[in-house]
Amino acid sequence: MKKFFIKKLITRLVYSILMILFLVTGIFFLIRLLPGDPVQAYYSPQLGKELAEKIKSEHGLDKPVYIQFTLWIKNILSGDFGYSIVYKKKVSYLIIDALRVTLLISLTSLILQIIITIPLALFLLKHKNSLIDILIDKLALIVYSAPSFIIAVILIYFGSYLTKFFPSSQLYSHDFYQLNSIEKIIDLLYHITLPVLTLTITSVSFSLRYLRESLLKTEKEPFVLALRANGIPENIIRYRHILPNALISYITILGMEIGSLLSKTLVTESIFSLPGIGWLMVNSIFARDYPVIIALVMISGVMVIIGNLIADLLIARFNPQIASESI
Amino acid sequence: MLGMILIRIEVITDGLKLIYLLTGKMLYDFDGFINELDNKTIDFTLSVKLSIILFLLIGLFLISTICTTNLKLFNRIYEKLIALDNEFFLGLLLSIFFVFLLITTPVLIPHNPDFQKDLVLTKHLPPLTNVKFVEYKSNFPDALNKLRDELVYRNNENRRVYFNDLELLNDELIIKQNERQLKIAVKNLISENGLPVVKRKFFILGTDEFGRDLLSRIVVSIRISLVIGLLAILISFFIGGLIGYTSGVKGGLIDSILMRLVEFSLSIPALFFAIFMIAFFGNSISLLVIIFGLSGWMFVARIARNKSISLNRKEFIQVLRLLGLSEFKIVLKHIIPNSISPILITLIYQLSTVIIAESALSFLGLGVQPPTPTLGNIIKSGYDYINNSIWILTFGSLTLVFLILTFNLLTEGLKKIYLNE
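In order, the protein sequences belong to chains A and B. In terms of the working numbering, the first sequence has 114 at position 122, counting the first letter as 1, and numbering is strictly consecutive. In terms of the working numbering, the second sequence has 1394 at position 312, counting the first letter as 1, and numbering is strictly consecutive.
By construction, these hints were calculated from the structure, which means they are not laboratory data. Glycine included, every Cβ here is placed at the ideal spot set by N, Cα and C. Worth double-checking, as some hints may not be accurate.
Stated by the list, open to error - To spell it out: a stretch of chain A is covered by chain B in this simulated footprint if at least three of its residues, at any positions, have a beta carbon under 8 Å from a beta carbon of chain B; those stretches are:
1. 131 to 144
2. 269 to 282
3. 292 to 299
What the hints assert, rightly or not - In silico DSS-like links for lysine-lysine, alpha-carbon gap of 25 Å or less:
4. B/K1107 to B/K1228
5. A/K130 to B/K1498
6. B/K1205 to B/K1228
7. B/K1228 to B/K1281
8. B/K1205 to B/K1258
9. A/K82 to A/K46
10. B/K1265 to B/K1281
11. B/K1219 to B/K1269
12. A/K209 to B/K1498
13. A/K55 to A/K41
14. A/K120 to B/K1497
15. B/K1498 to A/K212
16. B/K1281 to B/K1258
17. B/K1497 to B/K1415
18. B/K1269 to A/K209
19. A/K130 to B/K1162
20. B/K1122 to B/K1228
21. A/K130 to B/K1497
22. B/K1199 to B/K1099
23. A/K156 to A/K176
24. B/K1258 to B/K1283
25. B/K1122 to A/K118
26. B/K1214 to B/K1162
27. A/K55 to A/K120
28. A/K130 to A/K212
29. B/K1265 to B/K1199
30. B/K1205 to B/K1265
31. A/K120 to B/K1498
32. B/K1497 to A/K212
33. B/K1269 to B/K1281
Given only the sequences and the hints, what does the whole structure look like? Please build it.
Written as structure tokens, this is what we have:
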């Protein structure tokens, strides 16, 4: 089993690296396909011919395509994505700053989602077919149908506009740097409550329905009946036997969610104007900040590939049946 | 739906008159007729015809069910409907309703969604308010153009003057719009016995910040969202079907190359991909359709491949192959019909994700640009004016949620039915 796991790990790893290379190459050629001269676009359309040539040779744009390509790969491997046109900063610095914010809210909401979903699904299993079960199921369906921006707007309306309790945008208050460390943490929590709630509500409504269904499905399986017939207490059946079996499919979903962490927060971050990856993306589009856009698409693609890898490995770890089939 | 058609019966009869005039023109002066035709006219006349057909169908159905209670066909339909899951039934009803809206939009909308007039009086009106207005005469000599102007382009709404008080002085009308006063000669207005005709405009769902009728905008935006979604899933269906079936039937190297392509495409988040493309190629509805079509084909391809592989192993396909049927025919006539249902289920799910993505992009200001009503744009303007007109946000979001809910209910119901089979 362990040997198999390591073998799978290695094949998946090699495979993921190949995918990332493929992604990088694809983006390189997509940029080549674009109309217009990059020098004119980035510097000024009114550049003189000599100056334009000089800048071109400075950036290696006069060299043949394959040399440019190796240069591109080299730069990306060393984490150099060029300079942002708007912020006049290295793109990698910008992305690291933004990534911190995005990971903060998305990981918090992921953890919250796990904490809420599993006990709630178990509770619903215990009170299966009761009024509360049906109500929560229908509510989850409706909430699941609401796109995250609608949930965000509703939360802003009730939490921020009507009650004036939570701030509706930004990550810090304007006097953040004068606060002491405890107040800083409270201020931060205060600001990320609504965005985190938005993300949590959307993901809980989805995963709750999923987990509930798979719990109910597992409960119908013959081994549960056998356990019941043997007189094993219901609680033990539920926690020791049904839950682990049902969790396998839930873990698949979690893996998918890790992959789409960045794109999921895009809308939420833009609404709450949190300086994360999604916000950076939308703002760079409005400002036509191409180096940042290219870097962000690449990073998010890499995140999805890594997320899929994690999901596959998690499934392989928890579900030996799938693991032994194939990669 | 019957009621909705009945409410607009006046428009339908006028529309019939328009169709009659257009047919007359077609018979006598074909070149002139071709010149007259444009998208809006075709759209309107088609929708009039379809709504009459729908009306007759529903009426016939109702009459025959009432007259002959034990008719076999209706009993069978009724039994089938009763046997359905409640949620799925609701989804079915809602989807029929949305398709009905899609077909009859030009007839149903009470207002042109883009017209704005007399902002002082019409902006930010709450639901169920009415405003009085007088209307200028139209100066088209012939009946056809006059009708078309009113029904298809709805220019008569642009000739309206809204007011809250008026005075008649000799031949002039003094119109008061809050603090503002206007003088209009009565002879230019639509009038009866020398007195201008005063009508009331009823805004069922209120108006937005530009005084545009919210109901009309929402109905039109449902249509735009659905059309974008349907075209996009059509693209995904063709690309995904082509790639999936080829790789499933051919197998070997082609299969592994195509499947790597699928996994590669899956690794790019759809929303990021959409934004990336919009950044480089600008945003138009056709580009959005292509982008969403390109970001959804992978799911179709995967299912098509898996299904065709498992079908390929089945005996009846192998027998067909031994009988000498060409590969293309086997795929077209036997593999596709036997594997279409899970693909359709994914496509309906895909439709909902496309609509969500489109409205999210519009909400962020990256999708369809503002004068065109889309649900995202409406919700965005509702969010901008959250403190003085909450109804824009409420109705916009409710519509979007119901639209998505419909597709979710449909997918879940169909999945259950498919799995039970």
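Checked hints:
{"no.": "1", "hint": "131 to 144", "in the structure": "holds (count 9)"}
{"no.": "2", "hint": "269 to 282", "in the structure": "holds (count 7)"}
{"no.": "3", "hint": "292 to 299", "in the structure": "holds (count 4)"}
{"no.": "4", "hint": "B/K1107 to B/K1228", "in the structure": "holds (14 Å)"}
{"no.": "5", "hint": "A/K130 to B/K1498", "in the structure": "holds (17 Å)"}
{"no.": "6", "hint": "B/K1205 to B/K1228", "in the structure": "violated (28 Å)"}
{"no.": "7", "hint": "B/K1228 to B/K1281", "in the structure": "holds (20 Å)"}
{"no.": "8", "hint": "B/K1205 to B/K1258", "in the structure": "holds (16 Å)"}
{"no.": "9", "hint": "A/K82 to A/K46", "in the structure": "holds (22 Å)"}
{"no.": "10", "hint": "B/K1265 to B/K1281", "in the structure": "holds (18 Å)"}
{"no.": "11", "hint": "B/K1219 to B/K1269", "in the structure": "holds (9 Å)"}
{"no.": "12", "hint": "A/K209 to B/K1498", "in the structure": "holds (13 Å)"}
{"no.": "13", "hint": "A/K55 to A/K41", "in the structure": "holds (17 Å)"}
{"no.": "14", "hint": "A/K120 to B/K1497", "in the structure": "holds (22 Å)"}
{"no.": "15", "hint": "B/K1498 to A/K212", "in the structure": "holds (16 Å)"}
{"no.": "16", "hint": "B/K1281 to B/K1258", "in the structure": "holds (15 Å)"}
{"no.": "17", "hint": "B/K1497 to B/K1415", "in the structure": "holds (24 Å)"}
{"no.": "18", "hint": "B/K1269 to A/K209", "in the structure": "violated (76 Å)"}
{"no.": "19", "hint": "A/K130 to B/K1162", "in the structure": "holds (24 Å)"}
{"no.": "20", "hint": "B/K1122 to B/K1228", "in the structure": "holds (15 Å)"}
{"no.": "21", "hint": "A/K130 to B/K1497", "in the structure": "holds (17 Å)"}
{"no.": "22", "hint": "B/K1199 to B/K1099", "in the structure": "violated (28 Å)"}
{"no.": "23", "hint": "A/K156 to A/K176", "in the structure": "holds (20 Å)"}
{"no.": "24", "hint": "B/K1258 to B/K1283", "in the structure": "holds (17 Å)"}
{"no.": "25", "hint": "B/K1122 to A/K118", "in the structure": "violated (57 Å)"}
{"no.": "26", "hint": "B/K1214 to B/K1162", "in the structure": "violated (50 Å)"}
{"no.": "27", "hint": "A/K55 to A/K120", "in the structure": "violated (68 Å)"}
{"no.": "28", "hint": "A/K130 to A/K212", "in the structure": "holds (22 Å)"}
{"no.": "29", "hint": "B/K1265 to B/K1199", "in the structure": "holds (17 Å)"}
{"no.": "30", "hint": "B/K1205 to B/K1265", "in the structure": "holds (22 Å)"}
{"no.": "31", "hint": "A/K120 to B/K1498", "in the structure": "holds (19 Å)"}
{"no.": "32", "hint": "B/K1497 to A/K212", "in the structure": "holds (19 Å)"}
{"no.": "33", "hint": "B/K1269 to B/K1281", "in the structure": "holds (17 Å)"}
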